[in-house]
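With the hints as extra help, turn the sequences into a complete structure.
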Amino acid sequence: MVFLMSVPVETPALKRSNTELENFISRIANGEQEAFEALYAEIQAAVFGFALSILKNRQDAEDVMQDSFLKIYHAAAGYRPQGKPMAWIFTIVRNEALQRIRAASRTDALPEENHLAAVPCHTQQTINRVVLETALQALTDEERQIVFLHALSGLKHREVSEVLKISLSTELSKYHRALAKMKKQIQGGGPDENE
Amino acid sequence: MKMSNKEVLKRLANAVQAETPNVLENVLARAAQTEGAVTMTTETYTPANAPVVLPETMQENKAVSFKPRWRRLALAAAAVLVIAFGVFFNQMYFSPMATVSFDVNPSIELKVSRSEKVLSATALNADAGVILDGMNLKNVDLNVAVKALIGSMVQNGYVDEAKNSVLITVESGNSQKGQELQQKLSKEVDEMLNTHSLHGSILSQQVDTGDAELAKLADTYGISRGKAALVSLLVEKDPLITLEQAAALSVHEINLLLDSKKTDLQSVSETGKASTSGYIGQEAALAAALNHAGVAASDIVRQKIELDYDDGRMVYEVDFNTAWVEFEYEIDAVNGSVVKFEREGEAPPQNSQPEQPVSSTPSSANSASSSSKEAPPANSTGQISKQAALDIAFAHAGVASSSASRTKVKLDHEDGRLVYEIEFEVGRTEYDYEIDAINGSILKAETDYDD
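Heads up: the sequence lines are chains A and B, in that order.
When we follow numbering that gives the first Met the number 0, the leftmost residue of the first sequence carries the number 0, and every step to the right adds one.
When we follow numbering that gives the first Met the number 0, the leftmost residue of the second sequence carries the number 0, and every step to the right adds one.
Please keep in mind that the hints were generated in silico from the structure rather than gathered at the bench.
Don't take every hint at face value.
The calculated DSSO-like cross-link candidates involving lysine-lysine, where the alpha carbons are at most 27 Å apart (straight line), are [unchecked claim]:
no.: 1; chain 1: A; residue 1: Lys180; chain 2: B; residue 2: Lys5
no.: 2; chain 1: B; residue 1: Lys5; chain 2: B; residue 2: Lys261
no.: 3; chain 1: A; residue 1: Lys155; chain 2: B; residue 2: Lys407
no.: 4; chain 1: B; residue 1: Lys339; chain 2: A; residue 2: Lys14
no.: 5; chain 1: B; residue 1: Lys261; chain 2: A; residue 2: Lys164
no.: 6; chain 1: A; residue 1: Lys83; chain 2: B; residue 2: Lys339
no.: 7; chain 1: A; residue 1: Lys164; chain 2: B; residue 2: Lys409
no.: 8; chain 1: B; residue 1: Lys261; chain 2: A; residue 2: Lys182
no.: 9; chain 1: B; residue 1: Lys215; chain 2: B; residue 2: Lys146
Cβ pair distances, simulated, as ranges [said to hold, decoys possible]:
no.: 10; chain 1: B; residue 1: Ala125; chain 2: A; residue 2: His73; range: 39 to 47 Å
no.: 11; chain 1: B; residue 1: Glu343; chain 2: A; residue 2: Lys164; range: 24 to 32 Å
no.: 12; chain 1: B; residue 1: Glu115; chain 2: A; residue 2: Thr125; range: 44 to 52 Å
no.: 13; chain 1: B; residue 1: Ala214; chain 2: A; residue 2: Gln123; range: 18 to 26 Å
no.: 14; chain 1: B; residue 1: Asp210; chain 2: A; residue 2: Thr125; range: 23 to 31 Å
Covered stretches of chain B (in silico footprint by chain A; criterion: 3 or more residues with CB under 8 Å from a CB of chain A, positions within the stretch not fixed) [to be verified]:
no.: 15; stretch: 3-15
no.: 16; stretch: 417-429
Think of the CB as a built atom: it goes at the ideal place given N, C-alpha and C, for glycine as much as any other residue.
Given below as structure tokens:
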């Protein structure tokens with residue numbers, strides 16, 4: 000009989016409360032690796048997804064994901080608990096992503112061609128993949144970022160509008176428009192339906 | 000394939016999760032570089048005193064400046080040694096023929112000898128602790144033990160007419176014997192419940208001892224392997240529910256959901272039917288939705304009702320159409336309250352309206368786009384006033400305008416039509432409306448609960 004330390008099989012959607020997340024952050028500030036790993040496990044998909052929604056290609060998103068976590072590690076000491084840890088985290092990710100865009104603006108390497116190739120044959124995953132690709136291709140920048148934040152973190156409209164620095168009403172209308180666009184494309188037919 | 004907003008978002012999240020790379024190692028390595036400190040080593044471990052499988056991150060930990068955990072791990076290692084030895088000893092003298100576990104809410108594992116006597120009884124969760132409290136099942140005949148356990152569960156209210164599902168899982172080296180045991184125990188539990196005037200839904204299955212996936216799942220969420228198997232079945236059938244959510248449900252809830260989605264249970268046998276008497280029932284759920292929507296049953300063209308699990312509670316998903324409008328409702332399965340609703344589409348206008356010119360800056364004098372002045376009602380362009388639109392929204396939401404805060408009204412044009420976009424909050428609920436600016440019909444209504 001062997002004693003196994005559990006490693007999560009699947010990263011669940013954000014389930015930790017804000018208090019728990021802030022607790023992780025303050026423990027990270029104290030140099031606690033466990034807390035950093037726990038935070039990582041909890042938010043890794045949210046960080047990657049949000050980066051992807053800004054950068055639109057997976058390689059850049061992965062790099063920014065790394066940079067963001069490094070930044071979180073270093074900045075944890077300066078975090079002041081205000082009950083909004085995800086807003087802090089997403090702001091870090093956003094800044095790192097925008098920085099990268101500015102740095103690469105000459106080469107303009109943005110869109111990636113990573114269509115539905117090499118997807119395992121399981122139907123549900125294929126549908127999920129279609130949804131993701133639709134989001135990456137059919138939405139405007141802001142619409143996409145809004146949708147990803149909602150999907151990955153369960154932030155409320157007001158909080159999303161604060162992270163993206165847009166007004167709440169803009170956020171709401173773009174949110175609904177984005178979802179309508181996505182549903183139309185996923186259900187209705189190909190791209191280039193008249194909007 | 001028809002998708003709700005919720006489904007779109009969940010599928011997106013699942014797709015992202017599936018593609019999220021694991022960069023933790025790299026980050027830790029870079030963090031160490033930037034700090035230049037090396038305080039963590041693995042030198043305190045030698046093969047002799049660490050007969051454990053260390054998580055990968057621990058083994059890579061040579062160059063990170065986090066505080067050392069070696070002390071805690073050394074203790075864990077020592078504890079494991081003791082347990083390992085104990086198990087070894089045990090195995091030598093009492094080899095079980097099979098492991099039988101019961102899951103309701105309480106999760107109990109029995110090791111059973113060849114002569115069908117109980118070798119050990121373990122509580123796998125707190126509820127099970129309540130059941131096993133004061134019971135000594137060692138060397139007791141399996142039948143007797145099962146009767147005692149079920150009896151205790153009924154007495155403590157874990158099984159009743161409304162929550163009547165019991166999961167029996169058998170794990171045995173001999174699948175023939177395992178099968179027999181499975182059937183025998185099903186029958187016994189059924190009979191036992193009958194003596195308490197209950198009709199149970201008995202699920203039974205065999206699991207493979209060597210199934211590592213299952214063991215990992217069970218470990219991660221602190222549930223028995225039997226329950227883990229059921230959870231996997233549910234998650235496979237319903238992609239919108241995560242493993243973590245499913246693992247937290249009771250066996251009865253999982254059974255109901257599987258039932259509701261007409262799942263082929265595959266290797267799980269079932270006798271009896273999962274009781275929905277704890278819930279209001281599909282009829283009542285539909286009635287609640289129709290009532291809220293102000294729609295008569297005779298107007299319905301198509302409907303679909305399904306039991307589901309969302310946001311921490313069991314709900315009925317009630318989807319229905321009239322000739323012109325699509326509705327999606329979530330009704331709380333226990334108390335019948337409306338949890339979420341969405342409607343799309345509009346009935347054709349009653350009076351014939353000339354087509355309004357489609358321009359975002361209407362030339363007629365009275366239509367103010369986002370000015371704060373209130374336009375007079377039903378002005379010459381045939382447009383209703385902001386106030387009228389607000390009244391419609393408030394009425395539909397069933398709230399008084401005085402209790403609404405952060406109210407916003409905006410005239411916009413969408414899809415070639417003038418609409419009022421209205422938002423307001425009442426307490427912790429956000430309301431979102433789109434009202435047709437010409438005829439006042441509600442094009443969209445959404446409620447968002449902030450929890």
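Hint by hint, here is what the structure shows:
1. Restraint check: the Cα-Cα separation between Lys180 of chain A and Lys5 of chain B comes to about 14 Å, which is no more than 27 Å; the hinted pair holds.
2. Taking the CA atoms of Lys5 of chain B and Lys261 of chain B, the gap is near 22 Å; set against the 27 Å cutoff, the hint holds.
3. Note on Lys155 of chain A and Lys407 of chain B: the hinted pairing holds, with a Cα-Cα distance of about 17 Å set against a maximum of 27 Å.
4. Distance hint between Lys339 of chain B and Lys14 of chain A is fulfilled; the C-alpha atoms sit about 21 Å from each other, no more than 27 Å.
5. A C-alpha spacing of about 45 Å is found between Lys261 of chain B and Lys164 of chain A, which places the hinted pair above 27 Å, so the restraint is violated.
6. Restraint check for Lys83 of chain A and Lys339 of chain B: the C-alpha separation of about 25 Å stays at or below 27 Å, so the hint holds.
7. A threshold of 27 Å between alpha carbons decides the hint, and for Lys164 of chain A with Lys409 of chain B the separation of about 20 Å falls inside it, so the pair holds.
8. Of the supplied pair hints, the one linking Lys261 of chain B and Lys182 of chain A holds, its CA atoms being roughly 26 Å apart against a limit of 27 Å.
9. With a C-alpha separation of about 31 Å, the suggested pair Lys215 of chain B and Lys146 of chain B falls outside the 27 Å cut-off, and the hint is violated.
10. Ala125 of chain B and His73 of chain A have their C-beta atoms about 40 Å apart, which keeps the hinted 39 to 47 Å range intact.
11. Between Glu343 of chain B and Lys164 of chain A the C-beta distance comes to about 30 Å, which sits within the given range of 24 to 32 Å.
12. A C-beta distance of roughly 48 Å is found between Glu115 of chain B and Thr125 of chain A, which places it inside the suggested range of 44 to 52 Å.
13. Remark: the range hint 18 to 26 Å for Ala214 of chain B to Gln123 of chain A is upheld by a beta-carbon distance near 24 Å.
14. Between Asp210 of chain B and Thr125 of chain A the Cβ separation comes to about 26 Å, which falls inside the hinted range of 23 to 31 Å.
15. Against chain A, the stretch 3-15 of chain B contributes 10 residues with a C-beta closer than 8 Å to a partner C-beta. That satisfies the three-residue criterion, and the hint holds.
16. Interface restraint, the stretch 417-429 of chain B with chain A: holds (3 residues with C-beta to C-beta distance below 8 Å; minimum three).
Going through the hint list in order, the structure does not satisfy hints 5 and 9.
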